Amino acid sequence: MEIWINPACSKCSSALSLLDEEGAEYTVRRYLDEPPTVAELEDVLSRLELDPWDITRTGEPAAADLGLASWPRDADSRGRWLDALAAHPSLIQRPIITADDGSAVVGRSPESVRSVLS
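Here our numbering is used: the first residue of the sequence shown is 431, the next is one more, and so on.
By construction, these hints were calculated from the structure, which means they are not laboratory data.
Here the structure is a predicted model, which means the values were calculated and not measured.
The beta carbon of each residue, even a glycine, is placed where N, CA and C say it ideally should be.
Check before you lean on any hint, since a few could be wrong.
What the hints assert, rightly or not - DEER-style ranges, computed between Cβ atoms:
#: 1; residue 1: V468; residue 2: L547; range: 24 to 30 Å
#: 2; residue 1: S542; residue 2: G453; range: 17 to 23 Å
#: 3; residue 1: A505; residue 2: D463; range: 28 to 34 Å
#: 4; residue 1: S443; residue 2: D495; range: 24 to 30 Å
#: 5; residue 1: S440; residue 2: L480; range: 19 to 25 Å
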């Protein structure tokens, strides 16, 4: 299992605490320091069954700078969104947990974090 975190994020800290309480084995990826590639984002989105705009933090300054609010949310624009997330990882919702069984969740609630524990 891998968890993508921002160490300054309270939701990430809560998810890590819960994983530790449950004795889960995991690796931490500080995705701001080690941004995911477009291919890694595609894989995670496939596992999440979401589109790139579904995991985009549209309230971030980078979102305003890019004008994301006006970007189309359709198949033709998917690559543009992926490129933006790869170039500006602060736009990626957190924490994202990828489980060994192929599933993934955005772990913003204790229930979602628990859902990837076997």
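We went through each hint and held it up to the structure:
| no. | hint | verdict |
| --- | --- | --- |
| 1 | V468 with L547: 24 to 30 Å | holds (29 Å) |
| 2 | S542 with G453: 17 to 23 Å | holds (18 Å) |
| 3 | A505 with D463: 28 to 34 Å | holds (31 Å) |
| 4 | S443 with D495: 24 to 30 Å | holds (27 Å) |
| 5 | S440 with L480: 19 to 25 Å | holds (22 Å) |
When each numbered hint is compared with the structure, no violation occurs for any of them.
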